[in-house]
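Here the structure of chain A is known, so what remains is to put chain B in place on it, guided by the hints.
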Amino acid sequence: MNTSLRNNQNVVLAAAAGCLLLAGTALAFYWVPNAPIEGFRQRIFYFHVPIALTAYACFGWAAWKALRLLWTRERRYDLESYTAVHMGVIFGILTLVTGSIWARTSWGHWWVWGSRQLVLFLVLFLFYAAYFMLRYSVEPGPRRANMSAVYALFGVALIPISFLAIRLAEDLVHPVVFTHDVQSKLTGSQLLTFLVCLVGMLSLAGSLYVNELTGKRLDARLRELREALQ
Amino acid sequence: MTFLGDVLVLARKDLLLELRSRDTVPAMLLFVVSTLVVFHFALPSDASATAETGLLWVALLFTALLGLVRAFVAEREERILDGLVLAPCDRSAIWLGKVIGVMAFLVAAEVVALPAYALFFRPVGWELVAAVALADVGLAAVGTLLAAMAAAGRARELLLPLLFLPLVIPIVVGGVGASATDDPGRYLAFLGLYDAVFAILSWASFEYVVTE
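Chains A and B, in that order, give the protein sequences. In short: position in the first sequence from 1, add 13, done, that's the working numbering. In short: position in the second sequence from 1, add 454, done, that's the working numbering.
If we strip away everything but chain A, and leave its shape as in the complex, we get (with noise of 0.2 Å):
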């Protein structure tokens, strides 16, 4: 019964995040108009910032479990916390490549410092790269949960003071702000294929965080059972 139930949710959580992103992709490339300034291109914002703010969300979400983990103490959050890491890394990476695309197609450059979206996930991304090398390096058990836990937390932490040391370093290093031409306020289209996308990229992400916990789990319960056996 559970397991059916959990199968069932996957594919449910698979087929909304299929259908929202084929929705949203045709949203953003048909129904949209053209953005004043930056005309055809700006639709890469519907993908780049749903990307980004997924990525926030898995780290959020791993940062929680890794909470759960040090409060509770239950072994299984330690997996539910690196599995949201890894849907994390794998989403940060999708920002750097699409926003880097966008970069280029806005101001002619792949890599832009004055980008802060950009340069705070690259230090996102260097940070918990890190974290898998953490785990590759301590032998399993409870104390390399903990770390892994701990070094969760850290990545919520540094989020916000990293983007504030970020913002303070365009003062020093490179006066020129560069900004995307995205209205403060989105329009009804905009904002509707906007959130069409970002439903569409949580629930993708959802989808792969219950695949990829089953299959680490299966993973886990399968070196246990071989362990036994030996």
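Since the hints were made in silico from the structure, they are not lab data. Please note: incorrect hints may appear among the correct ones.
Beta-carbon label-pair distances, calculated as ranges [to be verified]:
(1) G537/B to Y149/A: 27 to 35 Å
(2) P577/B to W120/A: 15 to 23 Å
(3) P577/B to L177/A: 27 to 35 Å
(4) L139/A to W657/B: 19 to 27 Å
(5) T85/A to P498/B: 52 to 60 Å
(6) D477/B to R180/A: 35 to 43 Å
(7) L177/A to R466/B: 32 to 40 Å
(8) E666/B to V169/A: 19 to 27 Å
(9) Y149/A to D544/B: 25 to 33 Å
Glycine included, C-beta positions come from ideal geometry on N, C-alpha and C.
Leaving out everything else, chain B in the frame of chain A:
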């Protein structure tokens, strides 16, 4: 024993160990001075003040890293950490004692590094001294926690820089900003904020890093 008493005993142990063996601090001193000399040749002769202070901060960061890699060597080789964790004291006292030790080493390195910088490059203002003092707190607090993590891993010397550098990027921003701009107040306040946030986090989470 009180919490403070435990901390002082542990810090005293680290300092005594260093006084007798002299492993770490002389290496840090030599390293920071040689880095400054290397930077002199790496920079163009008309380098700006920002470039020079930036390189000083890089030198300080790597010197701190050098000290941190050594911070838990005795604990690991002699298996002291297991004993300390079993001892009837608050586990965060272990962290605080180690932070005080690391900070003492860092200050010792900077007492040489800053005059050397003044001699080789340009005079040192009060802003730079204040920024270095604030940065020491953050570097030692975060670095000690990460060093304890890395000490449990297989490739410790490799792992620590990877964990440490992304976390201390904000310190570099605050430090360079405080020492190279006309308005150091904002950057010093930012360093203070960083110290407060990460010192509290490290203090609260150290127990989980050393226990199961």
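Verification of the supplied hints:
Range check, G537/B to Y149/A: about 28 Å between beta-carbon atoms, so the 27 to 35 Å window is met. Checked against the given bound of 15 to 23 Å, the beta carbons of P577/B and W120/A, roughly 39 Å apart, lie outside it. At about 29 Å, the beta-carbon gap between P577/B and L177/A stays in the expected band of 27 to 35 Å. A C-beta distance of roughly 25 Å is found between L139/A and W657/B, which places it inside the suggested range of 19 to 27 Å.
Judged by the Cβ atoms, the range 52 to 60 Å given for T85/A and P498/B holds: they are separated by roughly 57 Å. Look at D477/B against R180/A: about 41 Å separates their beta carbons, and that is inside 35 to 43 Å. Separated by about 37 Å at the C-beta atoms, L177/A and R466/B satisfy the suggested range of 32 to 40 Å. Roughly 24 Å separates the CB atoms of E666/B and V169/A, a value that falls within the hinted 19 to 27 Å.
Between Y149/A and D544/B the Cβ separation comes to about 31 Å, which falls inside the hinted range of 25 to 33 Å.
This entry does not satisfy hint 2, going by the numbered hints stated previously; all others are met.
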